[in-house]
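Chemist: Listed below, chain by chain, are the residues.
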Amino acid sequence: MLGLNKKDSTLLLIVAAMVLLAPFILNPFPADSAMAQFNAGYPDLMQRFVIFGIFAIGFNILFGLTGYLSFGHAAFLGVGSYSAVWMFKLLSMNVIPAILLAVLVSGVFALVIGFVSLRRTGIYFSILTLAFAQMSFNLAYSVLTPITNGETGLQLTLDDPRILGVSATADGGIPVTSLFGMEMRSTFTLDAGAWLFQFNTGYYFCGAVLLLAFYLAIRIFRSPFGLMLRAIKSNRTRMNYTGLNTKPYALAAFVISGMYAGLAGGLMASMDPLAGAERMQWTASGEVVLMTILGGAGTLIGPVLGAGFIKYFENIFSKINEGVLHQWFAFLPDGMENGVVWVVEHFVGPGWHLTLGLLFMLVVTFLPGGLVEGGQRIARLFRRKSTEPQDGATQSHPAE
Amino acid sequence: MGILEVKNVNKRFGGLKALSEVNLSVAENTVHAIIGPNGAGKSTLLNCLVGKLIPDTGSVMFDGQSVLGRTPYEINQMGISRVFQTPEIFGDLTVMENMMIPCFAKRDGAFEMNALAGVARQRDILERAEQMLVDMRMADKRNMHAASMSRGDKRRLEIGMCLAQEPRLLLLDEPTAGMARADTNNTIDLLKQIKEERDITIAIIEHDMHVVFSLAERITVLAQGTPLVEDIPANIKGHPKVREAYLGETAAAA
Chain A
1 MLGLNKKDST
11 LLLIVAAMVL
21 LAPFILNPFP
31 ADSAMAQFNA
41 GYPDLMQRFV
51 IFGIFAIGFN
61 ILFGLTGYLS
71 FGHAAFLGVG
81 SYSAVWMFKL
91 LSMNVIPAIL
101 LAVLVSGVFA
111 LVIGFVSLRR
121 TGIYFSILTL
131 AFAQMSFNLA
141 YSVLTPITNG
151 ETGLQLTLDD
161 PRILGVSATA
171 DGGIPVTSLF
181 GMEMRSTFTL
191 DAGAWLFQFN
201 TGYYFCGAVL
211 LLAFYLAIRI
221 FRSPFGLMLR
231 AIKSNRTRMN
241 YTGLNTKPYA
251 LAAFVISGMY
261 AGLAGGLMAS
271 MDPLAGAERM
281 QWTASGEVVL
291 MTILGGAGTL
301 IGPVLGAGFI
311 KYFENIFSKI
321 NEGVLHQWFA
331 FLPDGMENGV
341 VWVVEHFVGP
351 GWHLTLGLLF
361 MLVVTFLPGG
371 LVEGGQRIAR
381 LFRRKSTEPQ
391 DGATQSHPAE
Chain B
1 MGILEVKNVN
11 KRFGGLKALS
21 EVNLSVAENT
31 VHAIIGPNGA
41 GKSTLLNCLV
51 GKLIPDTGSV
61 MFDGQSVLGR
71 TPYEINQMGI
81 SRVFQTPEIF
91 GDLTVMENMM
101 IPCFAKRDGA
111 FEMNALAGVA
121 RQRDILERAE
131 QMLVDMRMAD
141 KRNMHAASMS
151 RGDKRRLEIG
161 MCLAQEPRLL
171 LLDEPTAGMA
181 RADTNNTIDL
191 LKQIKEERDI
201 TIAIIEHDMH
211 VVFSLAERIT
221 VLAQGTPLVE
231 DIPANIKGHP
241 KVREAYLGET
251 AAAA
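Order-wise, the sequence lines are chains A and B. Here our numbering is used: the first residue of the first sequence is 1, the next is one more, and so on. Here our numbering is used: the first residue of the second sequence is 1, the next is one more, and so on.
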């Protein structure tokens, strides 16, 4: 299908089904039950899952495939967001030109930063990218204020000179982002008994872009170019002495992953048309590194899983507060309840980073291949049970 | 006029004169060994040939063209392939993938943006890589991770990868270093077979005299950064200067 082999087609179909059915899958609990706070099927969060999934897929092309650890990828995300908002301000509220400009500008940006940073490898490369990203972050707050609007962030106003479209709607509001008239924020709500499912145009648009981005990533993984990138990660000396110039390969990987980040940034601005410099901060760059490693660097689906996992934690675990915990542990005797709540509250709410940190440590220590390796181990366990006698002979291990 | 002409090459590292006035001519379609005691400058000389080091003075000509100032990948594309002392292969990739990469380098050159093509549909590359694996008697290992193979197999794969590019000159840096006797003999047989089947020039740096005298048609003895003598193996064995500088007791005992 679409030039993919059977295994990759299946993977793509599974991801497509997940994207399509996410409003159901992520909302397993009735809306007014005690478990409802674990529901993640609301538009804002689903959009974030998908957008960070795209960000991580792109990052994985550089880090997972080529082995260059960039600590400045959030810069491209920020650049993409700014470009998209400018397009909304100046041209039209249609998301397509905004996203195209975001990808283009972040690509050019990545070309420049990559050209300089890729003169070094290993830790020096990481530090160079970090330096560039922090530079962009600080410039956005200082000299570049006319473009970035400094600390306030770049927003739409009522007097934007929008060439194709109006500066303000008839009732005096700021127009909303749309795809040829379909408003990104419009949501259709389905009441199914106790359950409440929300279908958001913006989410499905992001989902379609994710599928495209994922498909392209599969093609890159399976291409001769992808093979060269893996070869660079494996042994750069042998590459050089096999007549291959590693520099343009690494630079191309860098630019492609920068464009993915710009795409994510453009989508972010398309869902909510504002852009702030904090999107370029080094913590944001670190987050995508965590997502990729947690999910499984160098695998196809890993980064998407990692992005979903971290965003889920960030939004769901951080909402659990002391009151909720007291409710949960109300069945315990009073003194014990307070003790348990005191312990647990350090791991949830504002302390969710602690839980994430511990989980990250556990994954890196026991599952170096990330969540994907965890899944593979479980699958192997089941397979071994069912096909004990003829093990090994028919198993071929495709390169991942 | 040899395929490789090294003239008056000097290389200095700070106060150490690693190479002084080295002249070397490797004739086409021969096996030429470069031997010498530790610190004689063998590896420095090799690094000057492949672009890793640039000599202070002198010239290195391959097939009438200077290699000086070119990067390793450019020199490789000119037709010089190098086998390393410790096998340099793509450990994370499968044996088949390892073999495909030089085939791509041969077909597409130093860089080709082939991001949507699909490796599985590159029939010519797959066939060529498969043929090379058969030639190297490694076809049964095609899906193995290269890093998990034995040292001897890694060496065999590395030589195969170099041959897949159809180089005109194959440089081997102590190809049997650290190998068991059986593996060493296998490597000797492999190199002999390669020489018989292909039009190829081989330059070999080696410590193991057994390997050198089994393979070489000409031998250059290097001592303290300068060529002492160059001759056919039979004359090297008994050469007084060589005995003194290098073979010494080994030759006397033999």
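Rather than coming from a laboratory, the hints here were simulated on the basis of the structure. Each residue gets a CB set at the ideal place from its N, CA and C atoms; glycine is no exception. Treat the hints loosely; a few may be bogus.
[Stated by the list, open to error] Restraint-style ranges between C-beta atoms, simulated for each label pair:
#, chain 1, residue 1, chain 2, residue 2, range
1, A, LEU381, B, GLN85, 38 to 44 Å
2, B, VAL229, A, PRO248, 43 to 49 Å
3, A, SER186, B, MET113, 39 to 45 Å
4, B, LYS241, A, PRO368, 52 to 58 Å
5, B, GLY91, A, ALA17, 50 to 56 Å
6, A, GLY122, B, ALA147, 17 to 23 Å
7, A, PRO368, B, GLY69, 23 to 29 Å
8, A, ALA17, B, GLN85, 50 to 56 Å
9, B, ALA180, A, GLY122, 50 to 56 Å
10, A, VAL112, B, ARG137, 48 to 54 Å
11, B, THR57, A, PRO248, 30 to 36 Å
12, A, SER318, B, GLU130, 50 to 56 Å
[Stated by the list, open to error] To be clear about the criterion: a stretch of chain A counts as covered by chain B if any three or more of its residues have a C-beta under 8 Å from a C-beta of chain B, and this derived list gives those stretches:
#, stretch
13, 5-11
14, 219-231
[Said to hold, decoys possible] For lysine-lysine, the following DSS-like pairs were computed, each having C-alpha atoms within a straight-line distance of at most 30 Å:
#, chain 1, residue 1, chain 2, residue 2
15, B, LYS195, B, LYS141
16, A, LYS247, B, LYS241
17, B, LYS195, B, LYS106
18, B, LYS141, A, LYS6
19, B, LYS195, A, LYS385
20, B, LYS241, B, LYS17
21, B, LYS195, A, LYS7
22, A, LYS247, B, LYS154
23, B, LYS154, B, LYS106
24, B, LYS154, B, LYS192
25, B, LYS106, B, LYS141
26, A, LYS247, B, LYS106
27, B, LYS241, B, LYS192
Chemist: Would you mind marking each hint as holding or not holding in the structure?
Modeler: Quick rundown of the hints versus the structure:
1. A:LEU381 x B:GLN85: 38 to 44 Å: 42 Å, holds
2. B:VAL229 x A:PRO248: 43 to 49 Å: 45 Å, holds
3. A:SER186 x B:MET113: 39 to 45 Å: For MET113 (chain B) against SER186 (chain A), whose Cβ atoms are near 40 Å apart, the range 39 to 45 Å holds.
4. B:LYS241 x A:PRO368: 52 to 58 Å: Taking Cβ atoms as reference, LYS241 (chain B) and PRO368 (chain A) lie about 56 Å apart, which means the hint holds.
5. B:GLY91 x A:ALA17: 50 to 56 Å: 36 Å, violated
6. A:GLY122 x B:ALA147: 17 to 23 Å: 20 Å, holds
7. A:PRO368 x B:GLY69: 23 to 29 Å: This hint is violated: roughly 42 Å between Cβ atoms.
8. A:ALA17 x B:GLN85: 50 to 56 Å: Given about 52 Å between the Cβ atoms, the range holds.
9. B:ALA180 x A:GLY122: 50 to 56 Å: At 34 Å between Cβs, range violated.
10. A:VAL112 x B:ARG137: 48 to 54 Å: The hint (48 to 54 Å, Cβ to Cβ) holds, given that VAL112 (chain A) and ARG137 (chain B) are roughly 49 Å apart.
11. B:THR57 x A:PRO248: 30 to 36 Å: 33 Å, holds
12. A:SER318 x B:GLU130: 50 to 56 Å: 54 Å, holds
13. 5-11: Not satisfied, violated; 1 residues make the cut.
14. 219-231: holds (count 11)
15. B:LYS195 x B:LYS141: Status holds; Cα separation ~24 Å.
16. A:LYS247 x B:LYS241: Since the Cα atoms of LYS247 (chain A) and LYS241 (chain B) sit roughly 47 Å apart, the hinted pair is violated (cutoff 30 Å).
17. B:LYS195 x B:LYS106: 21 Å, holds
18. B:LYS141 x A:LYS6: 24 Å, holds
19. B:LYS195 x A:LYS385: 51 Å, violated
20. B:LYS241 x B:LYS17: Distance ~21 Å between LYS241 (chain B) and LYS17 (chain B) Cα, so the pair holds.
21. B:LYS195 x A:LYS7: Violated, at about 43 Å.
22. A:LYS247 x B:LYS154: Judged against 30 Å, a Cα distance of about 26 Å means the pair holds.
23. B:LYS154 x B:LYS106: 21 Å, holds
24. B:LYS154 x B:LYS192: The hint holds at about 18 Å.
25. B:LYS106 x B:LYS141: Satisfied, since the Cα-Cα distance of roughly 23 Å is no more than 30 Å.
26. A:LYS247 x B:LYS106: Holds, at roughly 18 Å.
27. B:LYS241 x B:LYS192: 29 Å, holds
Figure legend: structure checked against the earlier numbered hints; hints not met, in rising order: 5, 7, 9, 13, 16, 19 and 21.
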